[in-house]
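Chemist: Hey, can you work out the whole structure from these sequences and the hints?
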Amino acid sequence: MTSLVQVSGLCVDYGRRSGRVRAVDGIDLTVEPGEILGLVGESGCGKSTLGRAIVGLEPAAEGSVRFAGGPVAALGRRKRSGSLRKLQMVFQDPYSSLNPRRLVGDLIGDGVVLGGGSKKAASDRVRELLDRVGLPTDAAEKYPHEFSGGQRQRIAIARTLAADPQCLVADEPISALDASAQAQVSNLLGDLVRQTGLALVFISHDLSVVRQIAHRVAVMYLGRIVEVGATEQVWTAPVHPYTEALIAAIPRADGAGVLPVDLPGDVPDPARPPSGCRFHPRCPIAQDRCSVVDPRPVRVDGRDVACLVRAPEQAGSLSG
Amino acid sequence: MSDLLTVEHLSVALSTGRGSFKAVDDVSLTVATGEIVGIAGESGSGKTMTALTLLGLLPHGARTAGSARFDGTELLTSSARQLRKIRGRQIAMVSQDPATSLHPILTVERQLTEHMRYHLGISRSEARTRAIDLLATVRIPDPEHALGTYPGQFSGGMRQRIAIAVALACEPRLLLADEPTTALDVTVQAGILLLLQRLRQERGLAVVIITHDLGVMSALADRVCVMYAGRMAEVGPRSEVLAQPRHPYTRGLLDALPHPEGGAAQLRPITGSPPSLGHVPTGCAFHPRCPHAQTSCTTDRPELASIAPGHLLACPIDPLADGSPVDGPSETTVTTAAGTAL
Chain X
-1 MTSLVQVSGL
9 CVDYGRRSGR
19 VRAVDGIDLT
29 VEPGEILGLV
39 GESGCGKSTL
49 GRAIVGLEPA
59 AEGSVRFAGG
69 PVAALGRRKR
79 SGSLRKLQMV
89 FQDPYSSLNP
99 RRLVGDLIGD
109 GVVLGGGSKK
119 AASDRVRELL
129 DRVGLPTDAA
139 EKYPHEFSGG
149 QRQRIAIART
159 LAADPQCLVA
169 DEPISALDAS
179 AQAQVSNLLG
189 DLVRQTGLAL
199 VFISHDLSVV
209 RQIAHRVAVM
219 YLGRIVEVGA
229 TEQVWTAPVH
239 PYTEALIAAI
249 PRADGAGVLP
259 VDLPGDVPDP
269 ARPPSGCRFH
279 PRCPIAQDRC
289 SVVDPRPVRV
299 DGRDVACLVR
309 APEQAGSLSG
Chain Y
286 MSDLLTVEHL
296 SVALSTGRGS
306 FKAVDDVSLT
316 VATGEIVGIA
326 GESGSGKTMT
336 ALTLLGLLPH
346 GARTAGSARF
356 DGTELLTSSA
366 RQLRKIRGRQ
376 IAMVSQDPAT
386 SLHPILTVER
396 QLTEHMRYHL
406 GISRSEARTR
416 AIDLLATVRI
426 PDPEHALGTY
436 PGQFSGGMRQ
446 RIAIAVALAC
456 EPRLLLADEP
466 TTALDVTVQA
476 GILLLLQRLR
486 QERGLAVVII
496 THDLGVMSAL
506 ADRVCVMYAG
516 RMAEVGPRSE
526 VLAQPRHPYT
536 RGLLDALPHP
546 EGGAAQLRPI
556 TGSPPSLGHV
566 PTGCAFHPRC
576 PHAQTSCTTD
586 RPELASIAPG
596 HLLACPIDPL
606 ADGSPVDGPS
616 ETTVTTAAGT
626 AL
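Chains X and Y, in that order, are what the protein sequence lines are. Per our numbering, the very first residue in the first sequence carries number -1; after that it's consecutive. Per our numbering, the very first residue in the second sequence carries number 286; after that it's consecutive.
Check the hints yourself; a few may be wrong.
As the list claims (entries may be wrong) - Pairs of lysine to any residue residues, derived as SDA-like cross-links and limited to a Cα-Cα distance of at most 20 angstroms, are as follows: (1) X/K118 / X/D104; (2) X/K140 / Y/P560; (3) Y/K370 / Y/R402; (4) X/K140 / Y/G557; (5) X/K140 / Y/S561.
Treat the hints as calculated values from the structure; they're not laboratory data.
Modeler: In structure tokens, the structure reads:
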């Protein structure tokens, strides 16, 4: 059985020959219908690049992305193929992703018209979609600036829904919002998946948010996936030391006054990734061979982990 | 502990084209040496405006009332000249966005040493030595090399650490940290929280940390002040306010958070959104969003009242009290009228 989204051996490069940076390096990933896949990691780990490559906004240097059986080609000079209309993206900043000079109704209606619907059909559908995302129907006659951040993000979501998507890629959709708006938008996305069976790739730097919404979570570090598995399992019993560090760094709002655990160092420059395991310079349990051998994902305890120390079953291959 | 900062009945009115509105309304707060006080609330709650007032950095046309004394000096009536001696030297500020708080075309050295030489009257080489120490303190790799670089050459997390080094350069006694870690990854955030904790222990640094992240608040603050629409809703010891919140707004903020210990249940957001300046509801400003609102809430403005030692609450209904008798409220029945929900 093929998955709705199938990413195999995907690499994405930025820059020209000399200053080339490999932002995404050999990712294998699948997303099924009705599934929420969380993608987490620190800034600079390549999670946004991966998200953009999945919808075809970045070209693949190696490997491929397939959606509903067909290839996802990068957006070039030619028109985006109609079959990719079912694959949509929600961006982080609802202040810059909505055209400030167009009415909300027109912004959302575009998706319907592009899909071959009439103007009349579009206006009916707009009202239905606004209702769907919990906005009053008179919002169609207003401009984006008349709404708060959370409401704008709902408008952005309604716009993607106009295309009747099978898969949404949401890049930090709630990071720019207030706490209560964050909860509203993440609940909305969760409801949409449950009710319509669409697939959702939810990208966030905040593992505690991802945990609330995602069925499966993939943890990225410097262009690679270091651990992927069922959310609850990854959260309660992380195997990879990086996943463990990410969870320990989250401060708890319980009033107990416990300081989070620090992970020293920064994400290294992706133009010069460390040898061997890319996490070894920051890793608290690194051994000598970690700086030499590049770990491959190994199935451990129901998930895939790339760590020589914690997931040693097979010998890792030498990095080339 | 002696109070380093005493704010009493502080109000700030901003004039706009449509008239004058109170961005900060009757805020009272004290911060002692070595104490960390947190101010929480959504955007537009007056958190940042409170901090800017203390530094005399209000927008043109703003009017203040009340009092804010720092170590005996009244900040609100100080001349620009007096404030210049305090600002950056005694009271320093770290703002949310290091991309705008650091100057993009001045070297890190210039930004780190300029105010040290002005305030402390030290030589260029002394200032340079101190700058290297500071960068090492905030864990910038290769501090000597970093001095000759520009902010744009660093990642967001490193830039924020440089901005913190700039703020700490003259060894201020009070640090106003406005969402200092909001733009950062949790791992970098953890490092900065530990640094602030260390400075408080080693140097007695007092910190006012402004954040909507109650996790950060819980990790660091001794006392927590929750603000809504320019007013204080609840203030008290961290353990009481966050573990047993009494104001429905505090409760709402906590419920909207994903709980690391809890199950993967749905988040419970507060309905509606915070009011904008000039559209603050009458009575209790929170009543349109409050699940416990009663008719009296729409007309009577709640005053802060003591409910426990050091714990003040601006909610006469007090629906979250655990059946314990509370001073003040006459109503005992709690109806859950939605009121004029947005």
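Chemist: Compare the structure with each hint and give your call.
Modeler: Structure-based check of all given hints:
Taking the CA atoms of X/K118 and X/D104, the gap is about 12 angstroms. The hint holds against a cut of 20 angstroms. Taking the CA atoms of X/K140 and Y/P560, the gap is about 19 angstroms. The hint holds against a cut of 20 angstroms. Restraint check for Y/K370 and Y/R402: the C-alpha separation of about 13 angstroms stays at or below 20 angstroms, so the hint holds. A distance of roughly 18 angstroms separates the Cα atoms of X/K140 and Y/G557; the hinted pair therefore holds under the 20 angstroms criterion.
Taking the CA atoms of X/K140 and Y/S561, the gap is near 18 angstroms; set against the 20 angstroms cutoff, the hint holds.
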